[in-house]
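From just these sequences and the hints, can you work out the full model?
Chains as they are written, first to last, in my numbering: chain R, 1 to 278; chain G, 279 to 990.
Calculated from the structure, these hints are not laboratory results. Since the structure is predicted, the reported quantities are computational estimates derived from the model, not experimental observations. Do not rely on the hints blindly, as some may be mistaken.
As the list claims (entries may be wrong) - Here are the computed distance ranges between Cβ atoms for each label pair:
#1 R:Ser46 - G:Pro444: 37 to 47 Å
#2 G:Leu620 - R:His103: 55 to 65 Å
#3 R:Ala93 - G:Gln507: 42 to 52 Å
#4 G:Asn718 - R:Ser210: 34 to 44 Å
#5 G:His512 - R:Leu144: 30 to 40 Å
#6 R:Ala212 - G:Leu620: 50 to 60 Å
#7 G:Trp745 - R:Thr50: 38 to 48 Å
#8 R:Ser210 - G:Gln822: 27 to 37 Å
#9 R:His103 - G:Gln822: 53 to 63 Å
#10 G:Thr482 - R:Ala171: 51 to 61 Å
To be verified - Chain R is nowhere near these chain G residues, computed Cβ spacing over 12 Å in every case:
#11 Thr357
#12 Ala464
#13 Glu778
#14 Glu879
#15 Ile902
#16 Val946
We put the CB at the ideal spot given by N, CA and C, even for glycine.
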Amino acid sequence: MTGESHALVLSATGLRAWDRCERLFAFTYIHPMPWPGPQGTDPQLSERRTSLGTQLHHLIHQHALGLDPRSLARTDPDLRRWFERYRASAYAALDGPVHSELHLSASVGDMVVRATFDRVIQRGSEFVIVDWKTSERLPDARVLADDWQALLYPFVLAEVGSALNGGVAIAPEAIKMVFYYVEHGQEVVIQHDSERHEGVRSNLLRVMASMARSGYEPTGKQGQRCLKPAPCRFYSLCHLADMRIEEQVADDDVPEVGPDDYLALLPEYEFDDEPVSL
Amino acid sequence: MSGADGVLDGWSTDLSHPPRVLNGPPGSGKTGVLLMRFRQLLQSGEFPTGVVVWVSNQQAVQHWQQVIRDWNHRGVNATVMTFRSWVRQELMQNWALVESSGVLPGKPPQARPFFIGLMAAQHILSDCCAEIDPKHDVLAESFTAPAMRRVQVLDAYARVIEHGLPYDTVLPRLNACHDAGPQSQAFHVYIAEAIAAYRSRCMTYRVLDHALQLELFTLALLNHRGYLQRLAAHTQHVLVDDFEECCPVALRVIDHVSKKARSVLVACNPLGGLREYLGGDPVGARALSQGFEERYLMISEAALPAASLADYLYARAVDEAAASVNPSGKRSILSLHPSCVLRVQMFDVLIARVRALVAQGVPSQQIVVIAPMVDPLLLWHLREGLAQDGLPLRVLTGTNRVVDHRPVRVLTTLVRLARPQWQMPPPEADVTEMLETLLNLHPLESPHVQRGVYQDGQLNVADTVNWPRLLENRRASYDGLYGWVKQMCESEAPLDVLLEQAFAQVYAPRCLLGLAPDGVKGEAGSLKSTDVAMDVLQIDQLIQNARTHRHLMAALGEGSAGDPKRFLRSIYAGELAERPLIPRGSLPAAVTLYTAAKYAEEGAPVAHQLWVDVASPLWWKSDIREFINPRVLSRNWDEGMYTEDHDQRDQALKLGRTLRAIVSKCRVGLDVFASDHGSDGAELSGELLGWFAEFAHATRAIANGTATEVSL
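Right under this line is the structure:
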């Protein structure tokens, strides 16, 4: 039943990795390579933010399930503030069809693209995809519109979301994507449409074609994509050769040595005078 | 043609209550039927999130996900998980409900629980036991090491919870099954106190191991009407592979869901799988599955390649008079190699056989070596013998100490040097090894350098050392190393981050040159890089464990940095020391060495199985433990005292089921190796070799000079 060739399953994170560096992508998705490396410029700070982000998503999901997690949100001031911002937002209401933590995948050529929706809200014929963001900085809306997440999520919903719409396909024009920044209580809205939808499909096919041709050479440049916005986890693996050169000693530097030099290295043994009987 | 073909013929999407049950021995195609059913549901337009799939272990999860991926089905994203993972998911999603249920101690609620595994559980329990131990002087007379005591305590707790019993039933049950001598009673009181202290601490801090998850799920969610309504409403179809017959909690969930779900299909093994035996409650397992009996769907056993041998060995082990040989005609081969006089000779024959198989083009992942117990001699011979052909050995047993890996020792030495304030200077031998590794020194050279540069637990600047002329070319390299250690002395990074930096900045550039940049392509055929990959996996696992330890300490309110010294100590002597840090996921190329029990429980089917030490009596193992008796902690134990007769019966049953489970996973060939004497020179008298010989004789085997081959 299991075929030899496996369909590649990609998320927005995977597609971003591809854009950043083909080798990073290969080490992560094609030939997964465990490679311990410091994460980010301040690992503990980024760890805390990630942890709080995960907790917020859990609390919001619990709220969507009909539970009241307000008491749980009190454990951390950031979490409490974020959760209150969420509660005050226009997307916290649970009246009408609301789907939380929804996983959908769609096929494009030989590739499967996957999206995990924080929330999908149906308002009449309109579908709103909401993604909760905990980052401190508000991004440029134009830059965000070209991000793979903003492209992929509406695409996947239009492709395979019919089950949410009584078996009827959802038109791209009926979908909008909202990034809600809980730190600021602000949102960035991106409208999907047919032209954009076909553009995403073309982009995915183009990526797929370049993956097929790729030799997975590094496409990031040291000091740019390798180190910014945060150092790549595989930096030390990719740059092993460079790092070695810094410490290598040229053959010319090796001193001429004689037998005495070797003898000098021998440990000094002490022998018992008396033989040991066995 | 599979025995499973046609089982689903005529099925519609909806299957009314009660659940349908698939029966068939291991390898008969039950999983295939479940996968077909899943596909059938999706093709009929069912939404994947409404289909819940439970499988028995993580390997099965990966198998399902891979098959689903291969279908490339639009929109497919199935929820495939083990029952335990599903319980964890339900707890996470409904944590607000759990917090408000009143089951947990009255501390401030937390946003989410912290889930832990066995090692972290041992770690917490050892703290709890520190207060209890002095009260029980009798423990000093115990034959069981403290670490093993803690495992037994946790095991006792897990067992009663799995069987749906209150945790405080442990003490009366243990007392009832043993003679009530003072030492025995003191042991049992100790266990009960340890469980109570552990449970209280974990519940207070919301730090949950498997047993606590199951207990909280039962107490807080399975008794909550709103939760049950939501569960039933959202679950349209349930597919269960390898149902844990002895778990009443799982059965309760299935029973509840099946009243509203449109279909429930459960795969079982009518003769009882290994899981049922390990649960120790065959009576309960049979009783629990009785409700399903009317809906059995049998799968033909003819699909199993080595069914005949599997059944024969099972029957011989449990001493059934009906042990008979009925060759299935399938093309799998049993090869009986002549018994060697000495055990080391057997290793040579074994290694030669592995070489021959690899030379024939058998992928190394399709070869497993199975032993009743893995001892250092077997490990060393196999590792060294295979290394001569560039074949790495992967060991899946409990004997693969993490500090046996040189990279692990080198990294821990580096961090100890970089943290003088911990007052844990590394031993001189470890510093010598680190210098040898990182400066690429000859073993003759490294002690000399070590004596020069390492004093009072610290490294010295190269300038202050009488540096040998021969090693002048290593001086710059040493300077780099010294500079890194000094730089890190000023950093406040936690242990896991420090280990990451030591790996990425020191170890990798100095020791792994050549892995990149061509590591992406063709590493499947490159044995050198596979070997390196195993080291890197091990280091990665070590770092993950250090990180989990730090997070655990924070969850227990012991500070965000945790106690790195305690973690370091524990990998040399403690919870982590005797347990392998087995990396998850498959490796490109490696022969795997399993203990029989491990392979029976977790091993995937392979082409070739090589059984060693088949004449050893170690295949029979008593389950009587000094502290607990797993049988009497099961749900339906009503036999009073646990006697030697019970133990012998259980040993035979366990062996029978283990042998059957292992043979069932053999696809092409099974080789049997034995020696007349053990490593200590004693003559071996285990009966298993004789059973193989009987089987071969009964099938009119033809000897070909080197081994006896039998078509099964």
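Structure-based check of all given hints:
no.	hint	result
1	R:Ser46 - G:Pro444: 37 to 47 Å	43 Å, holds
2	G:Leu620 - R:His103: 55 to 65 Å	58 Å, holds
3	R:Ala93 - G:Gln507: 42 to 52 Å	22 Å, violated
4	G:Asn718 - R:Ser210: 34 to 44 Å	40 Å, holds
5	G:His512 - R:Leu144: 30 to 40 Å	33 Å, holds
6	R:Ala212 - G:Leu620: 50 to 60 Å	56 Å, holds
7	G:Trp745 - R:Thr50: 38 to 48 Å	46 Å, holds
8	R:Ser210 - G:Gln822: 27 to 37 Å	33 Å, holds
9	R:His103 - G:Gln822: 53 to 63 Å	25 Å, violated
10	G:Thr482 - R:Ala171: 51 to 61 Å	53 Å, holds
11	Thr357	8 Å, violated
12	Ala464	41 Å, holds
13	Glu778	5 Å, violated
14	Glu879	23 Å, holds
15	Ile902	40 Å, holds
16	Val946	18 Å, holds
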